[in-house]
Amino acid sequence: MSAAAGGLPSRMAPLDVTAFTAACAAGIGVDALAEALAAQRSGLRRLPDCENAPEWAGPGAPVATWVGEVATLADMPLPAALAAWDCRPTRLAWQTLQRDGFIAAVATARTRWGAARVGLVLGTSASTIGDSEAAYRHLDADGGFPPSHRNPRLNTPHALAAFVQAALGLEGPAVTVSTACSSSARALASAQRWLHTGVVDAVVVAGVEALSASLLHGFRSLSLVSEAPCQPFDAQRRGISIGEAAAFALLQREKDEAVRGGLQLLGYGEANDAHHMSAPHPQGLGAEAALDAALARAGVDAAAVDFVNLHGTASAANDAVEAALVARRYAPTVHACATKGLTGHTMGAAGLLEAVICLLALQGRSRAGTAHTEAADPAFGPRFAQQLRLLPAVGPARLAASHSFGFGGNNCVLLFGTGAGAVVDAGAGSK
Amino acid sequence: MKTQRLYIDGIALWSHALPGWALAQQALRGEPVAADPPVARPNPALLAANERRRAPDAVLVALEVAAAAVAMAGQDAATLPSVFTSAHGDLGIVDALCSTLATNPQLLSPTRFHHSVHNAASGYWAMATGCRAASSAVSGFEASFAVGLLEAGTQAHTDGTPVLLVGFDTAARGALASVNRSRGLLGVALVLTPQRSSAASVFSLDWAFAAGTGALPPLASAAAMALADNAMADALPLFEALAHAEDTALTLPLGPAGILHLRTMPQPAGAA
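These protein sequence lines map, in sequence, to chains A and B.
What the first sequence shows, in the working numbering, is residues 32 to 462, in sequence order.
What the second sequence shows, in the working numbering, is residues 16 to 287, in sequence order.
Isolated chain B, as found in the complex (with noise of 0.2 angstroms):
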């Protein structure tokens, strides 16, 4: 296909020991941090403290990401298509479902239930940003991330419009942590648009599907590296290249048979 090309104008980064994307900006360039204490969750400000303690990790996690990107690109929240892209949803959400369910099905808490749709999180920011536009959930196994950006780009290609690309998963837990090898939480997020913004481009952001098969590109930092068995993981290559602001050239893998050619460039007038 021929080489599309979107902008990115907000760039968003949680992990418990990388809580922001300034502090992972540093330590994705292999730069040290300050070695503050892991923080447990995400506390994001969207929702009120009740919500919070309530709700899900994944949850947590997409809407911290979501609304940190959005604030940096200067975007209205309540206006903006969304896609949200996990691997797997929210694992302890899962276990807890299917543990309920093999034991006492009957005690299975409606709450519980609606969490466990993969699109509890873009529901949650719909309710909490008051916005009524498009909002998508998906999956794509090892190439969750690829496929939320080829979905989110397509949008934006499409409807000539800015699209929020958030991408997390959750550590598995019980017996799913047999099955599944997820560890950690993870959250990312872009957002992209078809036109440069002076103000707000940082980098530009080529993009093309083509035949093939390829391994994830080697990660270069420790931090990226200790997040490697997030079932997002396949998002670090392309944040590690972000956090160099360097003109980057990476393939991710998208499927069995088919990579993702991307190339960003820092945009001059937008840099931080």
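Chain A extracted, bound-state conformation (with noise of 0.2 angstroms):
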């Protein structure tokens, strides 16, 4: 029955997440990431101002905020072979990719299928916006772009993929989405899409956002920037902290023999709010018809998921409507949290990066806490107050989701398990 009929999706055939990585202020690869939400260690740090402010974050008189900066970007181009490519965003990218065996599983999935049988699916909100903004503060004589800045192939939507392509020698097909906040967990359900219909064998996934002055200023003049680390859920929430993160996973066929405790893709679902371009739906309509697509496709009820990474921006309005959809729809039981505190919010990113950290806890190694956040607010009811867990918690969860939501009323929803529901080696890694 298609969705457009008014009805729910069939259930789709789980895929194989066969490797994954990802880099945020928390943590450069996924062991540095899980011990930090093990250990709730945020990555925000206060965004310096005047002399000391980042060179992404532009001229003009400071911002008071924490952002989540990932340290090692402004000091290590790319190699020489991908220069004409550098830029802050890049940069992000092809760090992240050189952590948790990523590129070698990559190679072997090209091996194994051809090089023109692997896609990409890339999630961004900014891509390159911030390498345009630095040629605008520095133009030619001409009123152009400097010399340095006049790459066609950089200032665009699709630069961060194409790079990507090229960093990773894939001949796929390769797509960027950008909805906004959504952008990397729609990456998902492209990629099942294109699996179903046998355009490739393989998909890389990715999710990659990094700090510009376009999201620094963009949601301060919306007012939802906090002078102190967000505090999502807190009766004393007064806004978003941004960051940045990338974020790749690696997604195939279910292999005819299920790989016993292999993480996989059970579900998705992508709905719209046709409400507001950059406030929530008041009912949550289009957050709960993207959960409902994602149960339907997954053949789960909602009552069976024991883990959710919550959007959880920590403005005013996506709490108060992301609250009463968990207490509505969830199990009292649920280990609900947000992320934002530890990471920033990474936009376009934040999807692939927080279907990560389920992945983490689908393997055991952390389920995260909602740091900063000293209460749930008492306007959410004692459901969500015992839904939402505001420190890290060990054991593996069995059935995890992860919502994104973003402008435009663009709201998606993942749910991740483990095949066969065997029990997971809380051990066993990452690749």
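I should point out that these hints are in silico values taken from the structure, not numbers from a laboratory.
All values reported here derive from a predicted model rather than from experimental measurement.
Cβ coordinates follow ideal geometry from the N, Cα and C atoms, glycine included.
Please note: incorrect hints may appear among the correct ones.
[Said to hold, decoys possible] Stretches of chain A that chain B covers, calculated by requiring three or more beta carbons in the stretch to come under 8 angstroms of a beta carbon on chain B:
(1) 88–95
(2) 216–228
(3) 439–448
Mind assembling these two chains? They're in different frames, but the hints should get you there.
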């Protein structure tokens, strides 16, 4: 039955997640990220002002806020062979790709299927806009870009995907998905459709977002930036902390003999609020429709979900709508957490970064907590107060959901599990 | 991959000189069309007058062609999943955003910021039609129409549902024009369905992805050549084929190492 007929999508065959990696302010590589989650160690830092302000923040009066910055980007350019692509977001993608055996896993898929049978779907909201911002700060005498920035392939939303495609030697289709803060969650939906239709045999899904002046001042202009580290779902929440991240995963069709304990994408759901460009639907209709579609594709009930990574931006509106959805739909015992106090809100990368946090929960490496939040806002009621976990926990999750809601009313929910419900070896690592 | 068959139930195109498919169809066949003065901005009836004044060109042209294609297909806009593709989004908005950030970032307006997201047209379409179905926004540089077709096509096959595909690009403005060669304003739209409808299907569209490299097929009409500098120009060979209403095979580049094989065949009952 089609979603267009007003019904729910039919069940999908699970996809194997055969490799993944991630980097953000809380940790570079999944081991460092898992340790930061287990220790609840936040990567947020106060944004320095005046002459100490980072290059990406641009000129102008300082913004009093905390940011999730990846510290290794400013001083580490791309290798010479890729120098034409050098800018902050491509550095972030490149450094992340070096982790967790990801390049080797992609090479194996390329050898097995052929380079043209491995696709790429990359989610990003602002892509390489920071490079265009820098060009506008140093315009040439003719009013155009300075010669160092006159690169049409770099000043376009698809630049990051084209770079990753070149860096990984992929020859299958490459698409950039850019639906604001749901971008890289939706990348997994596209990957499933490509695999289902037989366009390719493996898909690299990616989420990459680097800090830029657009994000900083854009969210400031909307009065959505917090002066203190963000406090998702707290009565004291005052807005978001922006951050940057890259995350990658390799998806393939389920093997005939399901890998015991293997990580799988079980379902996804996409829906629109049809309400407002920058505010959520007050009853969360689009978010709930996305959840319903994800549950239908996975063939599971919301009550079976035992771990949820919430969108949890710490904006007044998002958290109120999302808390009501969680209380309405999930079991009172669910472990719900909001990790943007650890990583910052990494925008287009958030969907896949938080999917990785779900995978770490399924592996039993850490069920994350909700940093900086002292208590759930009493306005959200006792059931949500029980569901929202402030502290990390040990022990593997069995069925994990990730929520991603973006500007333009764009919602996506992902569901992950382990193959055949097998017992997960907590020391299995990330590969 | 195995060739997949879709049907085209709705077709729309808008440019300053060709503000609608009926006119564009003639011009893309190489026939002379009445030389009306160019239309400055699309005027989508879906938006209230005050919204039309404020909306960026990219949103206006996307909503104009989306509504026209859905009307031709006889579909209900409120239930139709959609894919919006654009190489660059609204370049006028990007230029204004970057200028403000370089000079006085405190003056950045919240409206300009939310207009700058790549899914602005998708969001406005959902609001204007009340549609809560999945709506995506994608990009693929010089292959942006081809990647949009891949996204819409795989969705139609996977979910067994009609899908609205909208492609648009705007003219580069300000300093951006020194690095980005997109010119003019172009919007295209198709309603693609996995099942043939005797009442609505006007073409079948066979498609398959393959390894290989290829250039964009040459354009035949002066009207299409006049739009070739727009960043959505990789849509033009297919729209020329649709204008001719003949059995046509063509190949579109899909990135540096892939191609999309397409074949269109007119459907007798639905042919207008």
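A quick look at each hint next to the structure:
no., hint, result
1, 88–95, "holds (count 4)"
2, 216–228, "holds (count 8)"
3, 439–448, "holds (count 3)"
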